[in-house]
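Below, each chain spelled out in residue letters.
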Amino acid sequence: MSNADDRHAQRRDTDGLERYDIDTAPGDEYLGDTEVGSGLRGYVIGLGLATLLTIASFWLLGTNLIWAPGIPVALVVLAIAQMGVHLVFFLHITTGPDNTNNALALAFGVLIVVLVIGGSIWIMANLDHNLMPMNAIMNMNR
Amino acid sequence: MLGKLSWDVIPFDQPLPMIASAVVALAILGVLAWVFLAGHFPYLWREWITSVDHKRIGVMYTLLALLMLLRGFSDAVMMRSQQALAFQAPGYLPPDHFNQVFSAHGTIMIFFGAMPFVIGLMNLVVPLQLGVRDVAFPTLNSVSFWLTATGALLVNISLVIGEFARTGWLPYPPLSETAYSPGVGVDYYLWAVQISGVGTLLTGINFVTTILKMRAPGMSYLRMSMFCWTSLAASLLIVAAFPILTATLAMLTLDRYFGFHFFTNEAGGNMLMFVNLIWAWGHPEVYILVLPAFGIFSEVISTFSSKPLFGYRSMVAATLFICIVSFMVWLHHFFTMGAGADVNAAFGIATSIIAVGTGVKIYNWMFTMYGGRIRFATPMLWSLGFMVTFVIGGMTGVLLAVPPADFLLHNSLFLVAHFHNVIIGGVLFGAFAGYTYWFPKAFGFRLHEGWGKLAFWLTLIGFYVTFVPLYAVGLLGMTRRMQHFDVSAWYPWVLAAGVGMLITTAGVVAQIVQLVVSIRQRAALRDATGDPWDGRSLEWATPSPPPVFNFAALPHVEGEEPYWSIKQRAREQNRLRDEPDYEPIEMPRNSPTGFICAFFATVMGFALIWHIWWMVALGALGALATFVVFAWRDIPEYVIPAAEVARIDRANRSARREALVTYTGPRP
Ligand code: HEM
Ligand SMILES: [Cu+2]
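These protein sequence lines are chains A and L, in that order.
Just so you know, we're using the numbering used here here: the first sequence kicks off at 1 and counts up by one.
Just so you know, we're using the numbering used here here: the second sequence kicks off at 1 and counts up by one.
In case anyone wonders, no lab produced these hints; they're calculated from the structure.
Note that the structure is a prediction, hence the values are computed from the model and not measured.
Just to be clear, a hint being listed does not mean it is correct.
Stated by the list, open to error - Going by beta-carbon spacing under 7 Å, a handful of chain A positions derived as facing chain L:
#1 Asn101
#2 Ile112
#3 Val114
#4 Leu115
#5 Ser120
#6 Ile121
#7 Ile123
#8 Asn126
Stated by the list, open to error - Reference excerpt, derived from the structure (chain A facing chain L, CB under 8 Å, subset only):
#9 Val77
#10 Phe108
#11 Trp122
#12 Met124
#13 Asp128
For glycine and all other residues, C-beta sits at the position ideal for the given N, C-alpha and C.
Excised from the complex, chain L in its bound form (with noise of 0.2 Å):
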């Protein structure tokens, strides 16, 4: 009846996990309870989960991945101090549960933490920087922000009900096989990387869609800000990339699940396909992370160095070079499989290529501040952090890209230290950067500056005192995912690297006290002009919040910066743009569509992670159902009266009248 499920597979016997749960558990009811109790949640369901507005997913999106950063971050601080207590003694995580521990830390980070992040800022701002009112298909940007949600809590759900997998992130066969991971804990990994998978393609679908399609009139490619880039070539590389990622695991499903051989060593399988394939998807999947964080960095830059972006054109050319080239590498990752040394070098090469167009932007931003007037707030911080750090990491990537020493640190702690400089440096600096800067936007009021200085300094200096250790002893040799250690020489490296976690997780705390204070200060850092850095794209437009609708008018696009130019035009004539003729204006109506399906989905999942098969059933046919339903709904739109456009936009106009005459910089 219950497939595999039992009283068993709950963890009575391990106190931390079930401790840490319970304590997550009884948060979890208790604001469910307040949201009731309150009577919250006729606002959250009619604003929030049924909402198809881009700006609402997008800050639900970023909100989890907040959430699920931290859940990956507190994997980190229990493996660093496991390594920092076990110099020859078993420390306090038995090797299954590290296992367990270093691959859920992979598993969220990467899935559930930097791609929803990443995917949250593109929802907020894309559509705004096009200047259209929403995306290609709104409703289906909320399955896809719920069918994420749906991955991220079946990963948290195996921490109470059986077990999480213990093959890595990326679980290579044959551990990952039935024969050596015969629990559920590679079955979790699969339907919720599966699941949330296909709401990332549903997401590059939208936005390739999107930015093809849909932008304002006159916003030619060539217009178009540095952010809309990016997120085109990530959208790209993300419908490109998961389809093989979904096969590749389908594959390993059916060898688990019906005794295929795709992978096995018998009957024709072969394990290093898998390893190959997965790459294919893999070193995409790491562009796809950073070429939006690229972008945010392009925009903050050119922001905050109150100058247009340089070489425009060249960031461009240089975005579509690695849009492509990121497909012609992943042979780097195993360079030590057993290819000869004319596939090693060919694959060694090309990534070294590769690490051009990173260059080409490095030295576009520098000469975009260069002789500007650069100001030093939170963003900009997270922005110089970034060029230098990920300096060093794309330089350690390139010496990891030459086969004969990759065969020396392949699995090395230098490996992990690289990847951690180019993903935290690069990725994560790019979404703290974002979200400090769009916060204004999405809430109408800025984030604390002082906590958010602190928060930066904190991580910055604990990311370093955290990953030299690591280069260092992985030079020494130690490798990665080592449950315990018995060579003295380590020990001093990673007890290093664990004072770097203590810093670093100050920096955790103060990003956390930074939104506290925010909020209950928010009247004190209100941004009554929906302009608050002196932006230059069409977002900074709108009010903050903008309305549902986004422009009252869809803007009229002249030239590259199109709102900077606007605003200029203000300040020289001393006038704002005469008022549009408003007219009413549709918009696609809230559809709990995408929170059904998530439903659903979960239910599939969990019943097909545990053997449930009638349940399987109930949940795709609820599934389907919900599908069919929407598909059949007659009025998927509502109208916005003229008189209310009328009233939102006439209030925005005059705080931005307000902000002219108060005006005291430079005029053109």
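Just chain A, same shape as in the assembly (with noise of 0.2 Å):
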């Protein structure tokens, strides 16, 4: 075990990231010495809580707890409390030092989704500007 910590001790370098300073053949995979056990507890709590939300919403729907207009507000803030989950409990996103890199992709992919998404919801809403409006093309008709 002492042996492969050696192997792969890990370094930090000037620009402040680490990384394994590894010498194992490509495409191997690094195992962290995180336990199975508490790998596991971290899987289960974020299926439970996954669940939970997802439930949570459906339920929602059934019941009158919530003003009907505000259903939609509801669903997305159970949405995003879901995308959470997922971050913190699967893909393992933390504020830890160790996570520079997680975190930096994750800015990337959301700056990259509001883009995206933004630019064409803006786009699309003025696809029509140069139309005339539709009563002024029922005069031009009549």
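Combine the two chains into a complex, taking the hints into account.
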């Protein structure tokens, strides 16, 4: 075990990011030294929370707990919570220092999604801009 | 039983494609027969087809790219000659066929020519420059390659069995919907691009992981070569953009196969959404292609100017800037679709701003050359040709980015000239520079300089003679994709472009001759040192060709230009560094997973195109089974004994020592 630890000694470089100073075969996985038990616990909690949130969103619709026009908002909130659960328990995004890469990747992903979806909504809503309003066309036909 | 398949789908009545495909089929059969009869098959299977070595995969990607470039080029010759003959005349290609030719041309050039070329060079070089033994997921890498090959195969099958899309390289609805394209052409396009797209996405993931997690000890981000940086940026763009392509094409597929209404005019569909989404992928795609080319030019210009890259950090910043801004400009491909002035203006300005990042790079390359001892070898010629040509292409791009101007120029031949200007002058010149630059690394001998220079000049002149007239005739109002035309003012320009095509053809021939001549004279062109260009990054520290494990001991990096500093120290002290302690090295075993997966993917893709449902199930099951078998294998690695490592490394060291003794250049 200690031998393997040496081989996988983590090091921190001048860029402040760390990586494994490896010389294992490419494609070989380094399975950290966290125990199986604690890892499993995380996944089970995550699964539980995710299931709970899913059930809650279906259940909400059937009750009149929430003012009807507010339901979409409630669903959005639950969806965002769901994403959070996935990120933390399944994708292991934490705020720890060894997570810079993951956090950066997440930020990049969110940025692109916002740009593409936001941009698309803006563009698509704007496409009839140069068209005559419907009643003007009607008037013309008359 | 066989879905839509029958004897009628083979175009026996069209002599041109039949003869062409018969020739190609005979050539392929001939090569296959030779391979089997001469007993080369076991070697090919063992050393190439099942190889998970990034260098071998890179070479196979490049080979695929070269073949597909030839195929796409013959389409181009057909289009140019058709237009040259079709002034007030029907020409020799009927409209139906002409439409397939230009659609196949664009699809093949982008997805199966340019992309595999760029990805092939990344495969060959990135792990070597990072100082590691392979990419993060070697078997996945092989899967990526073979899925790309599947896509290429499907497109080429469409030549003989059935037809190809008539929609252009981006199948805009409603034309691409079943109502207007009932045949299998669009389906060939969809499945070929989808399957190879999966391969590309896997490549992106593989390279992001490799570059972020697998650098040699001491190789911090700001010590990586420029090519690694641009490969990282391109891979990030792949990961971010290709899912958009996949989803958009999947929606079109649902429309076509199950009568959905994503992009139809009825039932709440919106065809403009397709245009929007496809370009949200499409513009990042052009930077996926050109960023690695920028990296190649950075390596080449610095090496052949015998100077470090000027403004390395500003280059990194410009690369990341382009990487992000390339997601903010896609509307410039459809200024005319109907958005208001504010939207058009915002995207027009963003588009002009992206040119700033490229401008920074151009200046940095010029300052790198300034005061250097420049050697005008072939890779450097391609780079210089690029700098001049790309500036012109960038400027016409900025012109097109002005919405009022674009209303006049959109979809004219001016646009066609613009993007060929940046793709040929940028991506292809870059790929050719990289091909001549790294060829000795991959094979152990250089390419013939004389033929290389001839190929460069013919291609450069051919390019200008072809596309300058297209700029002009575009300004005269000629639109793209015309099968014939009647305007006499256009005729001289179209003829001139035809002449340019002939010159370019000579360039292509020179390129082929160069390869043949180089292989025949390989003894004279041998690169014994592993460092033929006096290089600066780590790939030149390995022998040519490098052993499977690349480095006997992982190099410890102490600064920028890691190999240059090693070499300088050796020149200063007149001796090499001490021999490392050799240890056995574990390497991943070969795996047929990629090839077999791709085989089943081909079966599945073909069956989906022709609606042969039982065969679809068979292909899917086969691919899944292959994956399961791979996941359950027990011995993923083999060990190269220390003695073998020592033998290989000592040979490399003695070659280096020889080079050191005979070195006559300046010493630090
Ligand atoms: C220097 C910055 C660039 C600017 C400002 C620019 C601008 C534009 C604009 C405005 C268009 C749309 C014109 C129209 O459809 O009417 C366009 C089309 C295009 N550009 Fe660029 N471009 C630039 C660089 C590039 C690069 C580097 C590439 C590829 C490597 C590229 C490839 C293309 C392609 C493929 C198309 C059109 C494809 C089609 O319609 O089928 N451009 N460009
Ligand atoms: Cu664009």
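A quick look at each hint next to the structure:
Interface hint at Asn101/A: satisfied, since its Cβ lies 5 Å from the closest Cβ of chain L, which is below the 7 Å cut-off. A least Cβ separation of about 5 Å between Ile112/A and chain L falls short of the 7 Å threshold, and the interface hint therefore holds. At its closest, the beta carbon of Val114/A sits 10 Å from a beta carbon of chain L; the interface hint therefore is violated under the 7 Å criterion. The criterion of a C-beta within 7 Å of any C-beta in chain L is met by Leu115/A, whose closest approach is roughly 5 Å, and the hint holds.
Hint status for Ser120/A: holds, given a least beta-carbon distance of 6 Å to chain L, under 7 Å. Taken as an interface hint, Ile121/A does not check out: its beta carbon lies about 10 Å from the nearest beta carbon of chain L, beyond 7 Å. The restraint placing Ile123/A at the interface with chain L holds, with a minimum CB-CB distance near 6 Å, inside the 7 Å limit. Because the beta carbon of Asn126/A sits about 4 Å from the nearest beta carbon in chain L, less than 7 Å, this interface hint is met.
Checking Val77/A against chain L: minimum C-beta separation of about 25 Å lies over 8 Å; hint violated. Residue-level restraint check for Phe108/A holds (minimum Cβ-Cβ distance to chain L is 7 Å; threshold 8 Å). With a cut of 8 Å, the hint placing Trp122/A at the interface with chain L holds, because the nearest CB-to-CB distance is about 7 Å. Evaluation of the Met124/A hint against chain L yields a held restraint, the C-beta minimum of about 6 Å falling below 8 Å.
About 7 Å separates the beta-carbon of Asp128/A from the nearest beta-carbon of chain L, less than 8 Å, and the hint is met.
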